[in-house]
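Visitor: Protein chains in written order, with the working numbering: chain A, 13 to 110; chain B, 26 to 527.
Simulated from the structure, these hints should not be mistaken for laboratory data. Check each hint, because a few of them may be wrong.
Quick look at which bits of chain A chain B covers, simulated, 3 or more residues with Cβ under 8 Å [said to hold, decoys possible]:
hint: 1; stretch: 28 to 41
hint: 2; stretch: 45 to 55
hint: 3; stretch: 93 to 102
Far from chain A, some chain B residues (derived; all Cβ distances over 10 Å) [what the hints assert, rightly or not]:
hint: 4; residue: Arg139
hint: 5; residue: Asn222
hint: 6; residue: Asp416
Glycine residues also receive a C-beta, built at the ideal position from the N, C-alpha and C atoms.
Residue strings, one per chain:
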Amino acid sequence: MTGARETLGLDGGASPSEIRDRFLELVRQHPPDRDPERFAAIHAAYKALEDPTSSLQTLLFELEPRDDSWDAVAADVRKRIVRGRLELQSLLDLADPE
Amino acid sequence: MIDSASERSGSEVERLIAKGRYKEALKQAKIAHKRSGSAADRLRVERLYGLRAGQLVRSGMLDSAREVVDNLLAFGVTAGGWSTDLEWLLVRLGRGRQARRLAVGFAGAEGSARIDVVEADWSVVDPSGAGQAASGEAAGQARLIREALAAILADEPERGLDLLRGLMWNSPLAEWKFFARGLVALRRGDQTSADANWGRLDPSRAASRIVAKLRTIAGASGPPLAESVIDHLEQQAFGAPISDQIRGIGTLALADQWAELIPTLGQLRRALEPTAGALCERLTALALGPLARSVAGLDRARALARVEAFIAVARPLAIDPHWNRFWAFVWDGPHAQKTGTIAYWGHYLEDLDAAARFDPATRDLAKALVWQRIAQGFLAGGGQGVEAALDCLGKSLQLAPDHLPCHRLRLSILEDLGDGARFAEAAGRLLDVAPNDLETLLALVRYYRARGEPGPALDHLLAARRTRPIDRRLVELEDEIQLELELAPDRATLAGQARGRS
Numbered sequence: 013m014t015g016a017r018e019t020l021g022l023d024g025g026a027s028p029s030e031i032r033d034r035f036l037e038l039v040r041q042h043p044p045d046r047d048p049e050r051f052a053a054i055h056a057a058y059k060a061l062e063d064p065t066s067s068l069q070t071l072l073f074e075l076e077p078r079d080d081s082w083d084a085v086a087a088d089v090r091k092r093i094v095r096g097r098l099e100l101q102s103l104l105d106l107a108d109p110e
Numbered sequence: 026m027i028d029s030a031s032e033r034s035g036s037e038v039e040r041l042i043a044k045g046r047y048k049e050a051l052k053q054a055k056i057a058h059k060r061s062g063s064a065a066d067r068l069r070v071e072r073l074y075g076l077r078a079g080q081l082v083r084s085g086m087l088d089s090a091r092e093v094v095d096n097l098l099a100f101g102v103t104a105g106g107w108s109t110d111l112e113w114l115l116v117r118l119g120r121g122r123q124a125r126r127l128a129v130g131f132a133g134a135e136g137s138a139r140i141d142v143v144e145a146d147w148s149v150v151d152p153s154g155a156g157q158a159a160s161g162e163a164a165g166q167a168r169l170i171r172e173a174l175a176a177i178l179a180d181e182p183e184r185g186l187d188l189l190r191g192l193m194w195n196s197p198l199a200e201w202k203f204f205a206r207g208l209v210a211l212r213r214g215d216q217t218s219a220d221a222n223w224g225r226l227d228p229s230r231a232a233s234r235i236v237a238k239l240r241t242i243a244g245a246s247g248p249p250l251a252e253s254v255i256d257h258l259e260q261q262a263f264g265a266p267i268s269d270q271i272r273g274i275g276t277l278a279l280a281d282q283w284a285e286l287i288p289t290l291g292q293l294r295r296a297l298e299p300t301a302g303a304l305c306e307r308l309t310a311l312a313l314g315p316l317a318r319s320v321a322g323l324d325r326a327r328a329l330a331r332v333e334a335f336i337a338v339a340r341p342l343a344i345d346p347h348w349n350r351f352w353a354f355v356w357d358g359p360h361a362q363k364t365g366t367i368a369y370w371g372h373y374l375e376d377l378d379a380a381a382r383f384d385p386a387t388r389d390l391a392k393a394l395v396w397q398r399i400a401q402g403f404l405a406g407g408g409q410g411v412e413a414a415l416d417c418l419g420k421s422l423q424l425a426p427d428h429l430p431c432h433r434l435r436l437s438i439l440e441d442l443g444d445g446a447r448f449a450e451a452a453g454r455l456l457d458v459a460p461n462d463l464e465t466l467l468a469l470v471r472y473y474r475a476r477g478e479p480g481p482a483l484d485h486l487l488a489a490r491r492t493r494p495i496d497r498r499l500v501e502l503e504d505e506i507q508l509e510l511e512l513a514p515d516r517a518t519l520a521g522q523a524r525g526r527s
């Protein structure tokens with residue numbers, strides 16, 4: 013899968029052990045508690061490369077995502093607030109003690 | 026008795042603080058202090074003046090907040106009640122002179138320098154208000170920092186960081202360089218670099234306070250933050266307070282309230298699409314399962330109308346750009362439009378041809394799986410569909426010759442049909458892919474025994490026994506076949522050969 017290999021930064025000839033080593037290296041760089049979005053992408057890419065048929069079966073024939081929820085999307089929206097069109101003063105107002 | 030009363034009163038005050046009812050807590054704490062005169066009760070009063078003033082500031086009631094800090098200054102601040110939050114608040118409310126006097130009293134020249142830094146930070150945060158007290162040099166640097174941060178927020182990160190190059194590292198405001206670098210990193214999704222820069226901030230400074238709140242917003246641990254503040258920021262970032270709306274449509278999906286859900290989803294898509302298209306796709310993906318279940322209970326016309334209304338507002342999935350896959354699922358339900366389902370999977374094969382997401386090998390495997398799905402659709406129709414199913418399975422195997430489930434399905438159909446020649450050919454192809462496939466070997470044993478050919482049956486049984494050497498069922502089966510061979514005099518030679526092989 014092109015996307016999965018790109019996500020893990022691998023070329024087409026990577027062996028299963030190289031794929032696993034790269035996955036573990038990336039997980040160390042992007043642990044789920046600090047970088048959950050990136051971790052989820054890395055994990056999904058690894059699963060896709062580890063068992064492409066099963067991963068494709070799930071992708072094509074299961075309507076309900078297994079690893080997602082409305083709350084998870086809402087939480088990711090909040091993580092992206094700082095990437096949105098924020099006004100300077102609203103950001104700086106966060107300096108006030110709660 | 027007095028101690029016990031004081032403890033009870035203290036607990037009551039702490040309970041009110043925990044609920045954010047600072048005004049009542051302050052009143053109670055003052056009564057308790059008047060009664061006991063204890064140092065602990067005094068500290069509690071000082072702390073509550075600060076908490077109440079902060080609360081008023083957050084509500085935008087600055088005059089009332091000033092009144093509260095003036096009352097605190099009149100009450101007196103002890104060393105135990107002096108904190109970085111209080112320094113910050115006093116300068117914020119225009120009481121910098123009094124703050125400096127107290128800071129010098131508690132920490133001498135160091136305290137005074139500390140107030141300089143607080144005033145400099147305020148010149149960044151609120152130059153026309155509390156920041157006016159900062160020195161001319163600090164005010165100039167603060168203007169630069171604000172301009173840089175505004176550029177970063179306007180998606181001009183290079184210009185923003187460039188503006189800060191002139192800010193010397195020995196400036197009290199150099200701290201904001203780390204803040205700006207972290208902000209740039211976070212906006213481009215590099216959390217590691219953001220953490221590295223923000224990890225260098227002084228926790229008592231304004232930039233660090235902002236970072237702590239951003240972490241709270243992002244769901245990491247941090248200081249509590251009013252939902253109204255987060256809603257306000259979401260409003261700016263996306264044009265609407267959308268995380269609540271997202272949770273809301275989750276509830277609507279559970280309650281099968283599609284008349285309300287569909288327009289809300291449309292609003293969310295408009296808000297998210299420009300900056301976070303992938304999130305729109307996740308919303309679609311989450312809604313598809315409940316939608317398919319929902320339309321299964323409707324008559325065909327209403328089901329069609331609901332799906333079309335949904336499709337009109339939702340962002341299609343990258344793997345299903347024309348909704349053919351979803352329509353196939355919809356018509357695979359109780360509406361039992363098997364021919365419709367098959368037609369949509371057929372259209373979906375064309376969509377897969379254009380899917381940029383897959384490399385050629387993955388695309389072939391995806392198409393093979395869809396052909397297999399179509400075959401299952403024909404099989405569900407029964408009758409003449411069996412030949413169509415076999416045709417689809419043939420196409421599937423052309424695309425993915427090693428896909429065992431497809432081989433197995435084809436084999437079981439041919440075995441049920443009793444089509445000996447095609448069965449043997451299909452079994453042979455399967456064994457080319459998986460030579461030790463026990464079920465296929467045993468199917469061939471059955472096939473040759475039914476044809477009265479114990480020789481080839483024994484060959485396949487022996488292959489099966491090599492994969493399961495101690496399986497008693499296979500040992501017994503071998504005995505039966507050996508007997509068949511011996512009972513057939515014209516095949517005695519074959520039996521001898523078979524014994525030699527075993």
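Visitor: Taking the hints in turn, state whether each one holds.
Guide: Hints, one by one, checked against the model:
{"no.": "1", "hint": "28 to 41", "in the structure": "violated (count 1)"}
{"no.": "2", "hint": "45 to 55", "in the structure": "holds (count 4)"}
{"no.": "3", "hint": "93 to 102", "in the structure": "holds (count 9)"}
{"no.": "4", "hint": "Arg139", "in the structure": "holds, 16 Å"}
{"no.": "5", "hint": "Asn222", "in the structure": "holds, 14 Å"}
{"no.": "6", "hint": "Asp416", "in the structure": "holds, 20 Å"}
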